[in-house]
Amino acid sequence: MPVDPRFFEPLGATTLGALAKLTGAVFSGDAGAQIDSVAPANSAGRGDICFHEGAAAKTAASISPVAGACFVSEAAAVGLPEGVAALIVSRPRWAHIQAGHVLHKLREWDDVGGDPDVHETAILAPGAVVCAGAAIGEHAQIGPNAVIGPGVQIGCHTKVGANASIRCALIGDFVTILSGARIGESGFGVTGGPEGAENIPQWGRVIIQDHVLVGANTCIDRGAFADTMIGERTKIDNLCQIGHNVILGQNVLIASFGGISGSVTVGDSVQMGGRVGIADHVDIGEGATLAASTGIFRNIPRDEAWGGTPAKPMRQYLREVAWLKKQVAPKKKRSE
Amino acid sequence: MPVDPRFFEPLGATTLGALAKLTGAVFSGDAGAQIDSVAPANSAGRGDICFHEGAAAKTAASISPVAGACFVSEAAAVGLPEGVAALIVSRPRWAHIQAGHVLHKLREWDDVGGDPDVHETAILAPGAVVCAGAAIGEHAQIGPNAVIGPGVQIGCHTKVGANASIRCALIGDFVTILSGARIGESGFGVTGGPEGAENIPQWGRVIIQDHVLVGANTCIDRGAFADTMIGERTKIDNLCQIGHNVILGQNVLIASFGGISGSVTVGDSVQMGGRVGIADHVDIGEGATLAASTGIFRNIPRDEAWGGTPAKPMRQYLREVAWLKKQVAPKKKRSE
Amino acid sequence: MPVDPRFFEPLGATTLGALAKLTGAVFSGDAGAQIDSVAPANSAGRGDICFHEGAAAKTAASISPVAGACFVSEAAAVGLPEGVAALIVSRPRWAHIQAGHVLHKLREWDDVGGDPDVHETAILAPGAVVCAGAAIGEHAQIGPNAVIGPGVQIGCHTKVGANASIRCALIGDFVTILSGARIGESGFGVTGGPEGAENIPQWGRVIIQDHVLVGANTCIDRGAFADTMIGERTKIDNLCQIGHNVILGQNVLIASFGGISGSVTVGDSVQMGGRVGIADHVDIGEGATLAASTGIFRNIPRDEAWGGTPAKPMRQYLREVAWLKKQVAPKKKRSE
Numbered sequence: 001m002p003v004d005p006r007f008f009e010p011l012g013a014t015t016l017g018a019l020a021k022l023t024g025a026v027f028s029g030d031a032g033a034q035i036d037s038v039a040p041a042n043s044a045g046r047g048d049i050c051f052h053e054g055a056a057a058k059t060a061a062s063i064s065p066v067a068g069a070c071f072v073s074e075a076a077a078v079g080l081p082e083g084v085a086a087l088i089v090s091r092p093r094w095a096h097i098q099a100g101h102v103l104h105k106l107r108e109w110d111d112v113g114g115d116p117d118v119h120e121t122a123i124l125a126p127g128a129v130v131c132a133g134a135a136i137g138e139h140a141q142i143g144p145n146a147v148i149g150p151g152v153q154i155g156c157h158t159k160v161g162a163n164a165s166i167r168c169a170l171i172g173d174f175v176t177i178l179s180g181a182r183i184g185e186s187g188f189g190v191t192g193g194p195e196g197a198e199n200i201p202q203w204g205r206v207i208i209q210d211h212v213l214v215g216a217n218t219c220i221d222r223g224a225f226a227d228t229m230i231g232e233r234t235k236i237d238n239l240c241q242i243g244h245n246v247i248l249g250q251n252v253l254i255a256s257f258g259g260i261s262g263s264v265t266v267g268d269s270v271q272m273g274g275r276v277g278i279a280d281h282v283d284i285g286e287g288a289t290l291a292a293s294t295g296i297f298r299n300i301p302r303d304e305a306w307g308g309t310p311a312k313p314m315r316q317y318l319r320e321v322a323w324l325k326k327q328v329a330p331k332k333k334r335s336e
Numbered sequence: 001m002p003v004d005p006r007f008f009e010p011l012g013a014t015t016l017g018a019l020a021k022l023t024g025a026v027f028s029g030d031a032g033a034q035i036d037s038v039a040p041a042n043s044a045g046r047g048d049i050c051f052h053e054g055a056a057a058k059t060a061a062s063i064s065p066v067a068g069a070c071f072v073s074e075a076a077a078v079g080l081p082e083g084v085a086a087l088i089v090s091r092p093r094w095a096h097i098q099a100g101h102v103l104h105k106l107r108e109w110d111d112v113g114g115d116p117d118v119h120e121t122a123i124l125a126p127g128a129v130v131c132a133g134a135a136i137g138e139h140a141q142i143g144p145n146a147v148i149g150p151g152v153q154i155g156c157h158t159k160v161g162a163n164a165s166i167r168c169a170l171i172g173d174f175v176t177i178l179s180g181a182r183i184g185e186s187g188f189g190v191t192g193g194p195e196g197a198e199n200i201p202q203w204g205r206v207i208i209q210d211h212v213l214v215g216a217n218t219c220i221d222r223g224a225f226a227d228t229m230i231g232e233r234t235k236i237d238n239l240c241q242i243g244h245n246v247i248l249g250q251n252v253l254i255a256s257f258g259g260i261s262g263s264v265t266v267g268d269s270v271q272m273g274g275r276v277g278i279a280d281h282v283d284i285g286e287g288a289t290l291a292a293s294t295g296i297f298r299n300i301p302r303d304e305a306w307g308g309t310p311a312k313p314m315r316q317y318l319r320e321v322a323w324l325k326k327q328v329a330p331k332k333k334r335s336e
Numbered sequence: 001m002p003v004d005p006r007f008f009e010p011l012g013a014t015t016l017g018a019l020a021k022l023t024g025a026v027f028s029g030d031a032g033a034q035i036d037s038v039a040p041a042n043s044a045g046r047g048d049i050c051f052h053e054g055a056a057a058k059t060a061a062s063i064s065p066v067a068g069a070c071f072v073s074e075a076a077a078v079g080l081p082e083g084v085a086a087l088i089v090s091r092p093r094w095a096h097i098q099a100g101h102v103l104h105k106l107r108e109w110d111d112v113g114g115d116p117d118v119h120e121t122a123i124l125a126p127g128a129v130v131c132a133g134a135a136i137g138e139h140a141q142i143g144p145n146a147v148i149g150p151g152v153q154i155g156c157h158t159k160v161g162a163n164a165s166i167r168c169a170l171i172g173d174f175v176t177i178l179s180g181a182r183i184g185e186s187g188f189g190v191t192g193g194p195e196g197a198e199n200i201p202q203w204g205r206v207i208i209q210d211h212v213l214v215g216a217n218t219c220i221d222r223g224a225f226a227d228t229m230i231g232e233r234t235k236i237d238n239l240c241q242i243g244h245n246v247i248l249g250q251n252v253l254i255a256s257f258g259g260i261s262g263s264v265t266v267g268d269s270v271q272m273g274g275r276v277g278i279a280d281h282v283d284i285g286e287g288a289t290l291a292a293s294t295g296i297f298r299n300i301p302r303d304e305a306w307g308g309t310p311a312k313p314m315r316q317y318l319r320e321v322a323w324l325k326k327q328v329a330p331k332k333k334r335s336e
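Residue numbers (the working numbering), protein chains in the order written: chain B, 1 to 336; chain G, 1 to 336; chain W, 1 to 336.
To be clear, the hints were calculated from the coordinates, so they are not data collected in a lab.
Among the hints, erroneous ones may be present.
Stated by the list, open to error - The calculated lysine-lysine pairs, modelled on PhoX-like cross-linking and capped at a C-alpha distance of 20 Å, are:
1) B/K312 - W/K58
2) B/K325 - W/K58
3) B/K326 - G/K312
4) B/K326 - G/K21
5) B/K312 - B/K325
6) G/K326 - B/K325
7) W/K105 - G/K326
8) G/K325 - B/K325
9) G/K312 - G/K325
10) B/K326 - W/K105
11) B/K325 - W/K105
12) G/K325 - W/K325
13) W/K325 - W/K312
14) G/K326 - W/K312
Claimed, not checked - Chain W is nowhere near these chain B residues, computed Cβ spacing over 10 Å in every case:
15) A61
16) H119
17) G196
All residues carry an ideal CB built from backbone N, CA and C; glycine is no exception.
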């Protein structure tokens with residue numbers, strides 16, 4: 001998936017030689033080979049540069065065979081698919097961040113890429129700001145002091161609440177976004193650089209399908225490279241956090257304080273009580289039910305009910321709660 | 001309680017015949033009978049239409065004997081009080097939603113119902129938006145880029161922070177609403193419609209009494225029909241969620257991340273540590289103390305201290321924690 | 001630490017006699033002695049008035065020997081250091097609040113203390129509000145509808161997101177503040193007054209060092225007297241709550257829904273998973289790792305990994321989880 005130029009300004013192609021120089025990489029291939037974009041390892045194409053951190057054994061399986069080049073450690077470089085140029089560095093992710101800043105730039109709120117395209121039936125309330133290149137569909141309503149970032153697309157009959165902000169996002173029809181929601185901010189990615197903790201730039205988007213509800217003050221982060229996706233008719237309560245690259249199916253219900261970490265996938269019709277937390281890269285099967293306050297660190301099979309922290313099947317959870325209570329009850333009660 | 005016309009525009013009366021046609025209901029009474037408003041089953045009056053989902057056995061007890069009409073399943077219709085017209089449908093709640101949209105319309109931010117009434121001593125900071133029909137009391141202060149929705153009443157000496165938004169609400173005197181708070185957004189109500197998950201419209205209000213504190217980025221949802229009420233001198237920290245129809249007493253303290261689900265009642269002087277969650281329809285007795293991180297799924301008696309998830313009396317909770325620790329301690333420690 | 005006049009307008013000195021009259025204090029010293037400021041007991045100087053609540057035995061150790069005066073109960077007054085004037089009252093904290101309101105006033109958003117100082121290379125997006133006395137550094141960017149309160153200092157290359165608000169704060173260079181963040185709101189301090197719960201005014205600031213990340217809709221409260229401090233390169237995810245007087249070291253990572261209560265100190269390079277809660281006045285040692293959903297009520301030694309609620313060493317936590325599961329597993333499984 002290429003970096004979307006509506007949200008990230010392309011700064012022009014560079015060469016492997018220039019990137020090697022920039023990052024201090026050891027490189028012995030064609031210094032003039034052109035690179036247009038950063039990309040993730042598994043989907044990088046010819047003009048893309050990706051990175052790989054981890055064991056050499058996993059290198060071959062993780063990296064697209066058509067990637068243009070890859071930042072990689074010396075040890076892991078042997079596993080690179082043939083034809084993928086190796087730029088050998090001690091901090092591959094860090095080098096990749098530097099390459100990203102040379103190739104792309106997040107369009108800032110004041111970006112001057114052209115007037116927004118607001119349909120004549122759409123309503124912009126007082127104080128609403130619609131940035132360059134954005135489009136607002138028929139009968140859409142943008143609330144007072146809400147902000148629609150550069151290049152954002154808002155579908156028909158969609159309502160954006162007061163003081164909400166949206167960037168790097170494509171929003172469908174009949175979507176309801178309540179006041180103070182934050183859509184498309186950068187996901188929480190941090191890595192160690194030479195001077196300490198560094199933000200990992202996030203080059204993806206948020207896609208919200210039709211009839212979705214996003215609650216007040218809820219945050220949905222844009223993807224790192226791939227997109228964060230919210231399926232049709234999914235309903236998200238207030239004060240929830242949806243991390244980068246999360247994929248929510250259709251008709252999913254997430255009650256208040258739901259926290260979905262990065263790269264989680266949630267099947268259709270999953271229901272979550274309040275304050276459910278899901279660790280990153282977990283899959284929640286279609287139709288599963290997660291009780292309030294559940295903390296999930298593993299995949300959940302479809303149609304099952306789970307509870308507790310760490311989560312267990314609901315029956316097991318209730319059994320544990322009851323058993324523990326009985327063990328610890330005051331003596332005289334137990335002897336009754 | 002009628003739907004408040006300051007916040008929801010009355011669209012004019014309709015007839016039972018028209019509503020039956022709209023919803024596909026089976027109906028054999030006076031097709032010309034006039035209906036003015038939707039209402040909840042337990043308080044519906046002559047011109048109101050309500051709905052009932054659930055067993056026939058409970059029908060009689062749940063429905064106001066003076067309700068004009070009721071959407072109800074065929075099985076449950078037999079229990080309707082005499083004089084309440086039955087509109088028989090397979091999805092009563094869904095039909096009621098359709099009726100609501102015919103009878104009322106949430107006043108949008110750009111509603112043009114008349115100029116706001118701002119007292120000459122009140123201060124509107126730059127970028128503050130005050131919508132039609134709103135009233136701002138003596139010495140009140142509205143922060144920069146804050147939004148006061150149509151018809152909202154703000155009392156004397158009340159301060160609204162930057163970027164906060166308020167709609168469908170009546171706010172007392174000497175109230176402090178910190179920046180980014182969201183008051184009066186629609187509560188989280190979802191039901192199954194013919195095409196999947198559907199938002200349940202929320203026709204109620206938020207009432208905030210004098211000297212209340214609402215923390216930064218905290219959300220207080222408006223009622224579904226009845227009101228969400230926050231009692232005098234109650235203090236709510238940042239990033240809390242107060243659901244629809246919640247009733248908080250006076251001098252209640254709720255620390256950060258408190259989550260109070262729909263229709264919970266909390267007695268006077270209850271104190272909650274951080275991240276307390278309360279399931280819907282639970283009652284918390286006056287003077288109860290809830291430890292940080294408590295998850296409550298049942299009623300709590302007055303003046304008691306509870307902790308843990310699911311919550312138990314504080315003593316029992318601490319006993320369980322200590323006992324479990326002892327059981328599982330490494331062998332050599334136990335033999336000491 | 002004196003109350004910073006950039007954020008709190010000094011209302012002019014008063015006398016011990018006037019303060020005694022205002023608060024109904026019993027006082028037998030020099031009624032004309034001048035008081036300029038409120039201050040905390042441990043750092044009050046000559047012109048400051050502090051308060052002490054608690055046992056007489058602790059009085060001597062808690063109160064600065066150079067404090068000008070102290071509100072104190074009759075019982076505890078005997079322990080006051082020589083030279084500190086005693087104003088004897090039944091509610092010392094309450095009296096101190098009254099004194100604060102006589103001496104200082106939070107500068108409101110509309111404060112007219114002089115034009116802001118915006119560097120010519122800084123960018124203010126549409127709708128951004130920069131209040132009197134604020135300063136915006138080179139190449140800083142203030143997002144649409146963001147609000148920079150009176151006297152706030154924003155460093156070079158710092159980016160403030162859309163609809164964010166900042167008050168009573170000094171922000172370093174290369175800081176990223178995402179949309180909807182709330183910095184410098186009053187911390188959650190409540191005390192009992194004669195009419196019920198009363199807000200405790202907060203006279204401190206927020207200091208944010210270089211390269212910090214503050215996530216979307218995250219709240220960082222200003223100090224009660226001392227400052228809330230966020231160390232260099234610390235990264236805070238969305239929807240976190242950082243209480244008053246918290247001190248975070250450098251390179252600290254806090255994932256979403258992290259809740260750090262008042263006066264907590266966190267050492268350098270501490271890492272917290274999602275939804276970690278820390279009770280007030282706790283110290284977290286440098287390099288500690290706190291698992292997702294951990295609830296911490298005690299100090300954590302450096303470099304240790306802890307989990308669970310209440311928190312225990314990670315190993316003990318995992319052992320408890322596994323043991324409990326085994327005890328309660330269905331019989332046939334145990335006999336396998």
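Failing hints, ascending? Violated: hints 1, 2, 4, 7, 10, 11, 17.
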